[in-house]
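S.K.: Here the protein sequences line up with chains A and B, keeping their order. For the first sequence, our numbering begins at 227 and goes up steadily by one. For the second sequence, our numbering begins at 4 and goes up steadily by one.
Think of the hints as simulated: they come from the structure by calculation, not from any bench. Warning: the hint list may mix true and false statements.
If we take Cβ atoms under 10 Å as the criterion, some of the chain A residues that face chain B in the derived model are [claimed, not checked]:
| id | residue |
| --- | --- |
| 1 | T322 |
| 2 | N391 |
| 3 | N782 |
| 4 | Y813 |
Cβ atoms here follow ideal geometry from the backbone N, Cα and C, with glycine treated the same way.
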Amino acid sequence: MPSYALAVDIGGTFTDVVLRSDSGQTWVDKTLTTPEQLDVGFFRAVDSALAKAGIKPAAVTDVVVHATTVVTNAVIERKGPRTALLVTEGFRDILTIRDEHRYEMFDPQIEFPEPLVGSDMTFGVKERVLATGAVLTPLDTKAAEAVADELKAKGVVSVAISFLNAYLNPANERAMRDILKKRMPNLYVSISSDVAPQIREYPRTSTVVMNAYTAPITGPYLDALVAGLKKRGFGNEPLIMLSNGGVIGVEIAKIFPVRMVESGPAAGALAAAYFAEVLGLDRLLSFDMGGTTAKACIIEDRHPLVSGNFEVDRIYRFKSGSGLPILIPSVDMIEIGAGGGSIASVSNLGLLKVGPQSAGSTPGPVAYGRGGTNPTVTDADLVLGYLDADNFLGGDMKLDLKGAEKQMAELGKKLGTSTRDVAAGIYRVVGESMTAAARAHAVDRGIDYRGVPLFAFGGAGPVHACYVADLLESPMVIYPPLASVLSAFGTLVTPPRLDLSQGALARLSSVDWHGVDGIIDKLVEDARKGLASAGCKPDEITFKFGADMRYFGQQNEVTAWFDADPRKKHDAAAVREVFETEYEKLYSLRLPEVDIEIVSWRLVATGPLASRDSKIDLKGQPAKPSRTRSARFNGDDVQAPVYARRELAQGQSIDGPAIIEERETTIIILPGWRATVDKTGCIMATKD
Amino acid sequence: MDGIELEIVWSNIISIVSEQAKALQRIAFSPIVREAGDLANALFDKRGRMVAQAVTGTPGHINSLAAAGKHFVEAFPTQTLREGDVLITNDPWLSAGHFFDITVMLPAFHKGKLIGFFGSTIHHTDIGGYGVGAGARDVHEEGLWIPMLKLYDAGEPNKTLFEMIRRNVRTPDHVFGDLAAQVSSARLAGKRLSALLDRQGYEDIDELSEEIISRSEKATRESIRKLKAGTYHGESSFDVPGGDVITLKTAVTIDPKLGEIIIDFAGSSGPSPYGINVVMNYTHAYSTFAIRSCLDPELPNNFGSLAPIKVVAPEGCIVNCKYPVPVNARHVVGMYVPMPILKALYHVMPERVLAEGSGAVWTIQIQGRDDRGDPFTSSMFNYSGGMGARQTKPGPSATCYPTGVAAVPIEVLEASMPILFTRKELREGSGGTGASPGGDGQIIQWTMRTNTDWLLNTVASRTDLAPEGLAGGRPGAAGRFLVNGKPVSEARKMVMKPDDQVTLETPGGGGYGAA
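My request is simple: use the sequences and hints to build the entire structure.
M.R.: Spelled out as structure tokens, the structure:
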């Protein structure tokens, strides 16, 4: 009897499902997300996929994997239950004071995101740990019990504890937790020394608060999934996708819900990494352009880059600093306000600007005919002939070409140019701004972006990818199969993985290696336990060791990864070399005179990944274009051939200009590019 | 040039300088650079006009660098410059107003021809002399003065200058580390600009620069033309360390016909004996910041958008100081420069301005010995008070304005010296009441874990005169600087006993509108 694997990705709008048999056959479905009760949509999607394949739940003997937006939604909509924060006495306003910085210098009307827990629900507790890790003042038990009583009286459901320097010594945080749990066994408690043992009190506190705030939502949600799956007769508990690009067992996900933030986009990056492996490409730039934003992520050595921090709920034009900071390992993505809904306008300098304002999905682009009057990127794509007014979403949604042209003409008047030239201008400007962001993202990480193939998906990504590739001097664009459910597919090719870290400030020249061994021993132990929740046996786990370091006197760290376990050799010179190599890659500098400071140790533990290739049905006979359409390329209107992707045969080549349509997106092959259908089902566009 | 083509090239240029600035900020040793973004990064054309600037940095730096371009081109005629040249100065009157700020300019070449310059100013860790603080009696006590010189000549390091710097600063490794970062970032920016010009098919930036500058100037003048003509007055008084009261008076004249704004500081206080005097460049920087943030904050900063705003101040007064007055802590007065201007602008655009806030951030540096007897000198760290209220929004609490400084985390400070913080919380009720209330200041308290005397250098201001309210809003609370519970007002370093407890209560912002 064949074995099946199942993946469900709950996004803001759609819940996607992929079911795969061990012979590689796949069934997919897309249903509406049910925001009030996500598990309803989850099972609706699951039932539908199983029905399509005609199998019973018991046949799903391989994994059930899940990526979800539940955490992000709870934060953005501020719909967490009553949560309290306990801090060291004297530091009650830590979330309001933040780092005192204004993220936007020139706007006197600046605002900051509302903290998840207000000052009225933050309580100081008498205790103190020193910067050496020594306890100066043990937890005042009486005071702690009084606080516990107050929380109980206030009907608090979840509590975050974040004491100063607790990342070095969790004793007082744990003592406080024990007092709370004794009085209120059902209380959710998150402590900073568990959730994010890193120096810097504001981001650490912000992280543990988000964890506490979302735990009472994710806990019951995950329990309901487990129970629901069991009831239906599925054999396995689900694995949960984390932001670091790994999956983990429900047990761990419930303790650290903050690590599930943005798990859908992370799964998209994992899909890119999977195709890098399958296609034998070491590097890719994954490029996901949707309705309001575009995201880019670098796949290096067939793995997505992962960074140690993230920001949720940016309230000001996606600007860094305008959101809530969290210290969690997450797939390192840049996100900018450029999508199909981005609005085009003419500035008072007479310049054509695109975004970051977006028409969103309501009213949406002019072409949606829902009352939108601002011309958008989607309108430009339609006017250029890249989209078909009668075949959008497979014809389910009719686009208003006339309306779009009318608004585009208005813009053209302001710029002194024609309707289609303005549309071409919007196409170019949005392409340039995405390219600039991707270029900066790569340069920031010391990576030469030139020549790196693009991996394009999202509703608008394949429309714009060839152009962006041209600008990035990239010779290849890859359009994956199953693009409409790519994140769900990505979870199926994601290994179990945990990223752990422990802050421990030390000068490299005088580091206490015995202490380091202790720290790493504990990280390894924790990782083994954590991965056991995903069914990994100890001998299946591989470890990667790293550290955040800087030249002594600097304040920003660079993460560098070692070739070997640092516990083995205690080789300071080798550690220095690893750091300086990375530093030079980033900044083209080495400072041999200056000592190095270690800020924290990092560990990545990865479990085995079952091979879950998907078999794509490709036609044997090369398809002919179904029709032609007038579209503008390089200033000329040409009759471009239009193909249906599902009709294409393996090995078939199509020279640009050409248009390849799918239900959810359209691939635009620019002149000078040639698209070829690969045996993996990917369409590979290449340029000589 | 059409609005599509120009948008593409222009936004690319801004992205080049911004990325370089961000990289500089991350690797700088100077805490004020990394936490505050106290740096600037810009592209100049070959006439020394600023074409594009990084969207980062503090107002004091970004607009001071704009002025430096002209001085460099005068000192080094472009036909004499070769590839590999690196120009440098920290002259307070030619760049950013004190020796700590070193400006580095690299001529940028494309296909062998000089096309412009990439410049940066960053605040260095040390420059010898008095060190951090306002206590020096003249500018020469404040450290090493680097005139306009070549740091590299056609790629060859100026060994004399390197040795002079090495022997005259306390932290040569860090100063050279940061200088190297300035040079390498400008070099990378030059390469990226060359690549952009190749991609877009340009030989130089002359035409681009002309388009960018003339369009920016035109747009600024058009924004000014929409304002009500007249001369509007604003005045702001505040006390500085040592207890002196400084008054800044401005007459802001809006001339819609010319599309020009003139800010005149006539009637402002004379020079101070302490190092809080401000050079014209820095006054100009904070004045144009105040105007531009209300007038048209989205317009990029460049020679053209700055040109219609003129700033004058009587020769020798505290905001147009003359050699040899000390200038080291010029931010203490400089950060108040926007306040009287905003008060004047209230009469023209009440919906854009904010009420007076705490003004200058309070800066602290501590020196002493740890419990093993090893000496330490902390880096400078800072705390802000409340911002003034806006017409329809409260002032943010404990948030710095007009500069953009982040506070160093408590855990980072405690890890770097034997300090123990006992409190850092909002100072409730310190923001002025009003239809929109001002932001609260904060209370910060610490002791040292040491057995020996220690030195404290605190630059606090507004401990007597509180930030005023606007349009009927109530004033915020004045700040308090206490040692063992007793108020102090001291401009120089103080000798402290091991057990002394320091308390800083930063001012609250003024309210807006009657409650």
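S.K.: All hints, please: hold or fail.
M.R.: Cross-check of the supplied hints:
no.: 1; hint: T322; in the structure: 6 Å, holds
no.: 2; hint: N391; in the structure: 6 Å, holds
no.: 3; hint: N782; in the structure: 4 Å, holds
no.: 4; hint: Y813; in the structure: 5 Å, holds
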